[in-house]
Amino acid sequence: GQSLEQPSEVTAVEGAIVQINCTYQTSGFYGLSWYQQHDGGAPTFLSYNALDGLEETGRFSSFLSRSDSYGYLLLQELQMKDSASYFCAVKEGAYGGATNKLIFGTGTLLAVQP
Amino acid sequence: DAGITQSPRYKITETGRQVTLMCHQTWSHSYMFWYRQDLGHGLRLIYYSAAADITDKGEVPDGYVVSRSKTENFPLTLESATRSQTSVYFCASSVNFRGAREKLFFGSGTQLSVL
Chain H
-5 GQSLEQPSEV TAVEGAIVQI NCTYQTSGFY GLSWYQQHDG GAPTFLSYNA
45 LDGLEETGRF SSFLSRSDSY GYLLLQELQM KDSASYFCAV KEGAYGGATN
95 KLIFGTGTLL AVQP
Chain X
2 DAGITQSPRY KITETGRQVT LMCHQTWSHS YMFWYRQDLG HGLRLIYYSA
52 AADITDKGEV PDGYVVSRSK TENFPLTLES ATRSQTSVYF CASSVNFRGA
102 REKLFFGSGT QLSVL
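Taken in order, these protein sequences are the chains called H and X.
The first sequence maps to residues -5 to 108 in this note's numbering.
The second sequence maps to residues 2 to 116 in this note's numbering.
Treat the hints as calculated values from the structure; they're not laboratory data.
One thing to keep in mind: the hints can contain errors.
To give a feel for the contact side, a few chain H residues facing chain X, derived at Cβ under 10 Å [said to hold, decoys possible]:
hint, residue
1, S2
2, F23
3, G34
4, A36
5, K75
6, S79
7, F81
8, A83
9, K85
List of simulated lysine to aspartate or glutamate pairs, DMTMM-like, C-alpha gap at most 25 Å [claimed, not checked]:
hint, chain 1, residue 1, chain 2, residue 2
10, X, K104, H, E86
11, X, K12, H, D33
12, H, K75, H, E8
13, X, K71, X, D39
14, X, K104, H, D46
Beta carbons are placed, not taken as given, at the ideal position from N, Cα and C, and that holds for glycine.
Let the sequences and hints guide you as you build the complete structure.
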């Protein structure tokens, strides 16, 4: 079956660095995405990794190791506005396929404290 | 630029009633998705569609019906609502979701309560 595991909660202080891990077990893996969701809001896309390695986008970076079925989201220079839920998601299917879909993890609630 | 809109924003219904949640996108995106979000379960895929008249089941399709007669609309129907279907429902779309970096754009959600 499919499963994605993330820590349920993480707490960090403003200005610090925090890493949110995600391990997955799925079929037809095609890539790992990260989404942010503020309380009461809609999820918004943060990053995507199809290949092993680190992808950097401003203060956020995402890493993937396909051999370990593992990835993480790294948030640097934490700000209060980063307090939100963060979801990893696995893209399943085949390139160009009509059955591509995104399966989400249960999410990690990040609390940034002053 | 309306993007992707869901209606209603809030809905209260009774068990056994049929309910339809609407999703409309103005981008002509090929792919559309329905997710439900519950505490402790994250976002779970109900149904998705690769194009008009092409739909497929996700992780939790039981009790739901979808249709996609037009590219821009993807309604979700609860045929006979149950209390376990109380949830926040999100619709999402993607340009084609076949490329390596395609991302999902989410609507604002519909909060459904089944009494």
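Do the hints match the structure? See the list:
1. S2: holds (8 Å)
2. F23: violated (13 Å)
3. G34: With Cβ-Cβ at 9 Å, under 10 Å, it holds.
4. A36: holds (4 Å)
5. K75: Violated. Min distance 19 Å.
6. S79: holds (9 Å)
7. F81: holds (6 Å)
8. A83: Holds. Min distance 8 Å.
9. K85: holds (8 Å)
10. X:K104 x H:E86: holds (13 Å)
11. X:K12 x H:D33: holds (19 Å)
12. H:K75 x H:E8: The given pair, whose Cα atoms are some 10 Å apart, holds under the 25 Å limit.
13. X:K71 x X:D39: Violated, at roughly 29 Å.
14. X:K104 x H:D46: holds (19 Å)
Checked against the numbered hints given earlier, this structure breaks hints 2, 5, 13; the rest are met.
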